[in-house]
Every structure is written in structure tokens, then in C-alpha cells.
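Take a look at the letters that make up each chain.
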Amino acid sequence: MTRFRFSQTPIDTVAARRELLDPSAGGFVSFEGWVRDHNEGLAVRRLEYEAFVELALKEGERILAETLKRFPIRHALCLHRIGDLAIGDLAVWVGVSASHRGEAFEACRYVIDEVKHRVPIWKKEHYLNGDSGWVNCERCAAAPHHHEEHAHPHAHRGHD
Amino acid sequence: MQIKIQYYALMREQAGRSAETLETTAATPAQVYVELARRHPFTLPAEQLKVAVNGEFCDWTRPLSPGDAIVFIPPVAGG
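Chains as they are written, first to last, in this note's numbering: chain A, 1 to 160; chain B, 1001 to 1079.
Bear in mind the hints are in silico, worked out from the structure with no lab data behind them. One or more of the hints may lead you astray.
Derived DSS-like pairs (lysine-lysine); straight-line CA-CA distance at most 30 Å [stated by the list, open to error]:
{"id": "1", "chain 1": "A", "residue 1": "K69", "chain 2": "B", "residue 2": "K1050"}
{"id": "2", "chain 1": "A", "residue 1": "K69", "chain 2": "A", "residue 2": "K58"}
{"id": "3", "chain 1": "B", "residue 1": "K1050", "chain 2": "A", "residue 2": "K58"}
{"id": "4", "chain 1": "A", "residue 1": "K124", "chain 2": "A", "residue 2": "K58"}
{"id": "5", "chain 1": "A", "residue 1": "K58", "chain 2": "B", "residue 2": "K1004"}
{"id": "6", "chain 1": "B", "residue 1": "K1050", "chain 2": "A", "residue 2": "K124"}
{"id": "7", "chain 1": "B", "residue 1": "K1050", "chain 2": "B", "residue 2": "K1004"}
{"id": "8", "chain 1": "B", "residue 1": "K1004", "chain 2": "A", "residue 2": "K124"}
Work out the full structure: start from the sequences and follow the hints.
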């Protein structure tokens, strides 16, 4: 069973959590990324997620394998939606079980941070004012003289 | 030689297609991007992109072979 998966339909968090159960685990931490109704001053109406699935699955799996090596945890899982999402929808779910809570919190944070920076997934925001745009792509491209922004292409804030 | 290009997200919209086959003399993904940027209204400079060949990240100077499948990867925004 792969530990990083895409879903075209709503993520079943109860079933996902069940995959992490382990008699040696004393704690479980999850993170849910939700579709927010605003971003960088604009009112957001809905989102579209698109992925380069073949490579995204490999890179996602690499992140989870790294996480299991780096932290003394039992299990880790990340599920990501693709397609059209509405405000309040669950876009991404990360779960980690571990013997102790400290490692579970740290590993969960590591997974979501790495996924946001490395996995080829793109988000198109549709705004209330009728505009739309690919997050992290269009403003940089529209204003190539803003070097400060270019130096930190991943500094953009997402669901967190 | 012929190579294949797949497009995603902003680049798919700017290329007006999800894939194309290119007859080219370009030897590297960097040269392919320069060639394609002449015929499509791409706004992202190569420095902001990553590139994958045959489903794996690679260097912009990786030598290309006939039939290779290239994907230019705009800044990602998962989560």
C-alpha cells in the first residue's frame, strides 16, 4: 500500500486514521489542509488542484520514506485531493502514529512542509471577482522585477 | 529527433494543449524550453521551473534521446 495517494473524491479520514493504528503507538497526530475563502487579500470562491501524477506519487512516497527514517515513528500517510474543491473542503490529510507524541508532531509537520515544497501539484484559485490564477506562478511571472519574491518561490502561504 | 512534451497547470494553459510532439535538434531540456518559448506565450523564466524527463526530476543539461518525454514543472502549490 503506497503511503502517498491522490483522491478525486472526498478523503475518508476515519479510514485513513485506521491505517495508522498500531499496538506500539501511543500517539497519533494529523494535519488537515482546508480550502480557505481568501488568499493574499482576494476572496476565493473555489479551487482546482492538478498534479503530474506519475512524478508526484514518486516524490510523495520519497517524502514519507524519508520521514520514517528521520523520525522514530510507526506509520505515516498523506492523502491529497485533485480536481475541483469548494470552500471548506479537505484538500490534504497527513497522519502519523508514533510511540510518543513529540515525534508524531514533528514528523507530521515535516511531511506537510515537504509535500508543499516538492510534490508537483498545482492549485488554481478562482476568485469572487471573476479572476483566477495559478498560485505561486502568475504573480511572479507578471512582476519579474520583484527579485525578493523570486528568491523565495515557496514562501507563499497556503492552508496553514 | 522527436521528443514528447507534457504540460500541466499554467504551462498547459499557455501552450493551449496538454501534450505535443516536437521534432527538434535541441540536445538538452534547456534548449527545448528556449525553442518552445518562441512558439508559446510562456511567462515563466526557466529559472523558476524544474524539469523532468521520463517521469523523474533531472538536470536542465541532461542529454536527450529520441522519444524522451519532458515535463516543465512550474512552482508547485500543493497542500
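Exercise for the section: Provide an ascending list of the numbers of those earlier hints which the structure does not satisfy. Expected result: Result: no hint breaks.
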